[in-house]
Amino acid sequence: MAAPWVSAAPRTRAATRTRRRAHLTSSTLRFVLLLLQAIIFLAPVYWMIATSLKPEGDTVAQPIQWYPHSPTLENYARVLTSPDSPVVRWTLNSAFTSLAFTFGTVLTCSLAAYAIARLKFRGREAWFWFILSSMMVPGLTTLIPSFIMMLKLGWIDTYHALIWPSMGGAFGVFMLRQFFTGIPFELEEAARLDGANSLQVFRHVIVPLSKPALATLTVFTFLGAWNSVIWPLYVVHGDMATLPAGLASFQGIYATTYGTLMAGTTLTALPALVAYLFAQRYLEEGLTLTGLKE
Amino acid sequence: MSLSLNRPRERPRRGGLLALNDANPLVPYLYLLPHGALFLAFIVFPILFGVYVSTHHYDPVATTQPFVGLEYYRQLFDRQSPQFDLFWLAMRNTALFVVLSVPLLVAYSLALALQLYRPVRGRAFFRAVFFLPGVLSWTVVGVLWRWLFDNQSGLVNAVLTGLGQDTIPFLTTEGLAWVPILAATVWASVGFNMTVYLAALSGISQSLYEAADLDGATSWAKFRYITWPLLSPTTLFVTVTTVLAAFGLFFQSVFITNAGPNRSTLSVIQYLVSEAFTNVQYSSAAAMSFVFAGVLLVFTAVQFRLMIRDIGGRR
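Order-wise, the sequence lines are chains U and R. In terms of the working numbering, the first sequence opens at residue 1 and continues consecutively. In terms of the working numbering, the second sequence opens at residue 1 and continues consecutively.
Don't read these hints as lab results, they were simulated from the structure. Treat the hints with care, since some could be wrong.
Computed footprint of chain U on chain R; a stretch qualifies when at least three of its residues, placed anywhere within it, have a C-beta under 8 Å from a C-beta of chain U [claimed, not checked]:
id	stretch
1	25 to 32
2	79 to 92
3	96 to 110
4	125 to 131
Short, incomplete list of chain U residues facing chain R, as computed with Cβ under 7 Å [stated by the list, open to error]:
id	residue
5	M48
6	V60
7	T91
8	T108
9	M136
10	A248
11	S249
The structure displayed is predicted, hence computed values, not measured ones. Even for Gly, the Cβ is constructed at its ideal location relative to N, Cα and C.
All chains should be built: construct the whole structure from the sequences, respecting the hints.
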């Protein structure tokens, strides 16, 4: 696409020098501006950690303590040993259910997406559009009926309630189907000629070539499960709660003891931050992959 | 698709419907089965069951569930009903939040992306910093920002006092209570949109800007005539997804203001959830979720259209 104002005028040396200087100032300015914003973005995290390291009396001290004057780990000790808040148990609950949910989602979605993208059978298109159209229905509509289902199945306060109900979501199928469709059929033909059946094609051709898409779906599914709160808040309680849902009950107990509250908040934030450091590449890649491209 | 080999393809072995080879026409359905069963049981069935619950007087422990038709829907539009006032107050609050937060989130994420798409010192670090809060659970975000905006000893008021201002009781002043909620929302979700914008910006050909440079175009002109028009599909996508997310307002107000002061930050989801789980009025809550979903459906439909267009592009 050519812009109407394009001209082929050669640059003069003086003009280039001015431009270069202007570029240098503007990039310094941009850097300073970004630094200011970054400080504002990091301040809440700093304040969370700083508060968690202060003795309880210092958290509301006047004048304010900009950093912990006498840093202590007593808040963490209180959180980790409190009988009201089995943080270690909550963490294990979150880890187990999020991993099981993620594994199940990626496995079932990739099998279904493979069938829809690469195999021929009656009703293939119809089924694809059927599950796709379910994505149009806002998730909120299933909240109350699903909760009643959990009551009827006796799944309240069990891991089942955290693992199964949203595993049938259509997003993973949709995303993987898009990716699988783009893999050249020639590669599959070669394997077929060697006598591979559909499962072998899936395992040895499709899966290895789809690692970025599978990794992206894994990271998204895991973070979504790890951070979800509304559902766990109502289907699991006490010892069976997940970490973010536990933190919710925590706020009720420690509403005014900020040091302890922030220690609990830091402990809840930590696993997601660590996961982020490891999966940063896939997260950002995934956003571009699942978002619009042009 | 063409086969370059002249050797004839081996016919797959023949077998009955129980043989697990590719001649069996049932094999593709086996791949669909695990996901399909979960999908029917936990997505399709609950939606249909929700319709049943909202049109009956549903009580999980009773033996009969009398049919009441659209009674629970009618109540939502009847000024005399006990649900009317709070439901529509919550709807108004949520709509206000959408109107306040969406322009802020779209504009600021674009501004961040514009600052970051050209090389600048520490670019990877800045991108990580702005994206990072997005991986935190809403409980963490809510609890943390409640503490930052604490009326007495929060960081924000400490900074205000440090600047010689009076403290402002954000959490307990009607209207002002939206400030901490909006700040927390922008902090937690601007990074996702920024990343989508960054991807779109990297797709714009640099030659367009070089051409404009030769013509002496100002940076505003470049933005107005090159960047903005080329970003419009992305802006639409970001806006629609942000609107949908904003309608989901729940934890920000639950944890930061506890729906207060005077229920001025009560959200639809919070009201619906309390109707179901505190008042144990499942039918009424189910009806509310369908009415609310109807509103969301307008925006979901736009998003769906965008997605379909994307599918079309991939075929």
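Each hint, compared with the structure:
Under the rule that three or more residues need a Cβ within less than 8 Å of chain U, the assignment of the stretch 25 to 32 of chain R holds, with 6 such residues. Taking a C-beta to C-beta cut-off of 8 Å, the stretch 79 to 92 of chain R contributes 0 residues in contact with chain U, too few for the three needed, and the coverage statement is violated. Counting residues of the stretch 96 to 110 of chain R whose beta carbon lies closer than 8 Å to any beta carbon of chain U gives 0, which falls short of the minimum of three for the stated coverage. Counting residues of the stretch 125 to 131 of chain R whose C-beta sits closer than 8 Å to any C-beta of chain U gives 7, which meets the bar of three, so the coverage hint holds.
The beta carbon of U/M48 comes within 5 Å of a beta carbon in chain R, closer than 7 Å, and the hint placing it at the interface holds. Residue-level restraint check for U/V60 holds (minimum Cβ-Cβ distance to chain R is 4 Å; threshold 7 Å). Here the hint on U/T91 is broken, as its CB sits about 13 Å from the closest CB of chain R, past 7 Å. The restraint placing U/T108 at the interface with chain R holds, with a minimum CB-CB distance near 4 Å, inside the 7 Å limit.
Because the closest C-beta pair between U/M136 and chain R is about 5 Å apart, less than 7 Å, the hint holds. Here the hint on U/A248 is kept, as its CB sits about 5 Å from the closest CB of chain R, short of 7 Å. Because the closest C-beta pair between U/S249 and chain R is about 10 Å apart, greater than 7 Å, the hint is violated.
Against the hints set out earlier in the document, violations occur for numbers 2, 3, 7 and 11.
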